[in-house]
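Sequences listed follow chains A and B, in order.
Number 58 in our numbering belongs to position 58 of the first sequence; there are no gaps in the numbering.
With positions in the second sequence counted from 1, the corresponding number in our numbering is that position plus 1000.
Hints are computed from structural coordinates only; laboratory data are not their basis.
Being a predicted model, the structure only gives us computed values, none of them experimental.
Backbone N, C-alpha and C fix where the C-beta goes; we use that ideal spot for every residue, glycine too.
Careful, some of the hints might be misleading.
[Said to hold, decoys possible] What follows is a set of in silico ranges between Cβ atoms, one per label pair, in the way DEER data are often shown: (1) Glu101(A) to Gly1073(B): 40 to 46 Å; (2) Ala1099(B) to Leu48(A): 54 to 60 Å; (3) Glu101(A) to Ala1117(B): 52 to 58 Å; (4) Asp111(A) to Ala1107(B): 44 to 50 Å; (5) Glu107(A) to Glu1024(B): 30 to 36 Å; (6) Glu1098(B) to Glu110(A): 48 to 54 Å; (7) Glu101(A) to Thr1059(B): 17 to 23 Å; (8) Arg90(A) to Ala1103(B): 32 to 38 Å; (9) Pro33(A) to Ala1121(B): 21 to 27 Å; (10) Glu104(A) to Thr1057(B): 43 to 49 Å; (11) His31(A) to Thr1057(B): 34 to 40 Å; (12) Glu101(A) to Val1112(B): 48 to 54 Å; (13) Glu1050(B) to Lys44(A): 23 to 29 Å.
[Unchecked claim] Pulled from the structure, derived: some chain A residues nowhere near chain B, Cβ distances all over 12 Å: (14) Leu3; (15) Asp8; (16) Ile29; (17) Asp34; (18) Ala100; (19) Glu101; (20) Thr109; (21) Asp111; (22) His115.
[As the list claims (entries may be wrong)] Footprint (simulated), chain A over chain B, 3 or more residues, beta carbon under 8 Å: (23) 1011-1023; (24) 1026-1036; (25) 1048-1057; (26) 1127-1134.
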Amino acid sequence: MTLDVWLDIVAGTFLVAGAFLSFIAGVGIVHFPDLLARMHAGTKPQVLGMLFMLVGLAVRLRSWSVAGLLLLVILFQMLTAPVGAHMVARAGYRTGKVHAEDLEFDELTEDTERHDGPAPGPTSNRT
Amino acid sequence: MIYAVIVAAALLAGAAILALIRAEKGPSMLDRTVAFDVFTTTLVAAVALEAAWSRRTDTLVLLVVLSLVGFVGSVTISRFAAIEPEDAARVRTREEVEAERLAERAAEEAAVEAEQARREALRAEAARAAEEAAQASDSSEEERP
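Could you put together the complete structure from these sequences and hints?
Below, the structure written as structure tokens:
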């Protein structure tokens, strides 16, 4: 067994792990009952899975310029995934897709009520 | 390596199909947005897998572009998300779309006909007024001498 073969085995393991996490994200997005749970499935395992895929690709290609490019991709993904998830959650809260009875803690509603008086909660229909 | 690639490709295909299922079912636009986010990331993973299989580096630019652009869609949709009517929760069938199109066309035709009727009424009114004016001028000319 040469070094190349071992590195290919490592790369294959990373690729399969990443694809498995992507698959888990797909299962979660179909299976979970409401928007916030689906968003959780769509961001966390998905980003980790893509990170694994890109690490596997970098190990397979074994070149520093490619590794730099893939680092850039990971950086962009880690910067943009929270922004997108935050925007989706905010829009969901404001259009009444988040139901108060599903939440353990609802600090956003508490804070808005403390600030504005009885304010429109997550179930109300404020745009 | 070939087995790893086959297994990973099958898992990615499953993830993409599940994301599409959610995009079809998703009760709100935001669920569909999340589903398409997952689909885009699965696409990135698939391109990475293909690059790992054939050891090519020219498709890596696609990864950068997709990871940058993929989130613009979800942010835009979320920014302009509004309260949706209840019947927007599911994709309409072909027959429903056809029925709606026919209803729209019927409404347009009715509007065009109403407009034509209104114009003809106006024209008849104008003709009658002109005739009366001509009669009046005739009678006044008869009276003048």
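Now the hints, each set against the structure:
Judged by the Cβ atoms, the range 40 to 46 Å given for Glu101(A) and Gly1073(B) is violated: they are separated by roughly 31 Å. Range check, Ala1099(B) to Leu48(A): Cβ separation about 46 Å, and the 54 to 60 Å hint is violated. Against the hinted window of 52 to 58 Å, the Cβ-Cβ separation of Glu101(A) and Ala1117(B) comes to about 57 Å, which satisfies the hint. Evaluation of the 44 to 50 Å hint for Asp111(A) and Ala1107(B) yields a pass: the beta carbon distance comes to about 48 Å.
Checked against the hint of 30 to 36 Å, the C-beta distance between Glu107(A) and Glu1024(B) comes to roughly 34 Å, which is consistent with it. A hinted range of 48 to 54 Å holds for the C-beta pair Glu1098(B) and Glu110(A), which are about 49 Å apart. Hint check: Glu101(A) to Thr1059(B), Cβ distance near 47 Å, so the stated range 17 to 23 Å is violated. For the pair Arg90(A) and Ala1103(B), the beta carbons lie near 36 Å from each other, so the given range of 32 to 38 Å is met.
The hint said 21 to 27 Å for the Cβ distance between Pro33(A) and Ala1121(B), and at roughly 60 Å that hint is violated. Distance hint for Glu104(A) and Thr1057(B): a CB-CB separation of about 47 Å, consistent with the stated range 43 to 49 Å. Between His31(A) and Thr1057(B) the beta carbon distance is about 37 Å. The supplied range of 34 to 40 Å therefore holds. Separated by about 52 Å at the C-beta atoms, Glu101(A) and Val1112(B) satisfy the suggested range of 48 to 54 Å.
Hint check: Glu1050(B) to Lys44(A), Cβ distance near 25 Å, so the stated range 23 to 29 Å holds. Separation of Leu3(A) from chain B is adequate, the least Cβ-Cβ distance of about 15 Å exceeding the 12 Å criterion. The beta carbon of Asp8(A) sits about 5 Å from the closest Cβ of chain B, which is not more than 12 Å, so the claim that it is off the interface is violated. At the 12 Å boundary, the C-beta of Ile29(A) falls inside the reach of chain B, the nearest C-beta of that chain being 5 Å off.
For Asp34(A), the shortest C-beta to C-beta distance to chain B comes to about 9 Å, within the 12 Å cut-off, and the non-interface label is violated. Every CB of chain B is more than 12 Å from the CB of Ala100(A) (nearest about 17 Å), matching its label as outside the interface. Under the 12 Å C-beta cut-off, the non-interface status given to Glu101(A) relative to chain B holds; the minimum distance is some 17 Å. With a least beta-carbon separation of about 18 Å from chain B, Thr109(A) lies farther than 12 Å from that chain, consistent with its non-interface assignment.
Once the 12 Å rule is applied to beta carbons, Asp111(A) is consistent with being away from chain B; the minimum gap is 21 Å. Its beta-carbon lying about 23 Å from the closest one in chain B, His115(A) satisfies the requirement of being farther than 12 Å from that chain. Coverage of the segment 1011-1023 of chain B by chain A holds [criterion: at least 3 residues with CB-CB distance below 8 Å; count 10]. Three residues within the 8 Å Cβ limit are the bar, and the segment 1026-1036 of chain B against chain A gives 6, so the coverage statement holds.
Counting residues of the segment 1048-1057 of chain B whose CB lies closer than 8 Å to any CB of chain A gives 6, which reaches the minimum of 3, so the coverage claim holds. Three residues within the 8 Å Cβ limit are the bar, and the segment 1127-1134 of chain B against chain A gives 0, so the coverage statement is violated.
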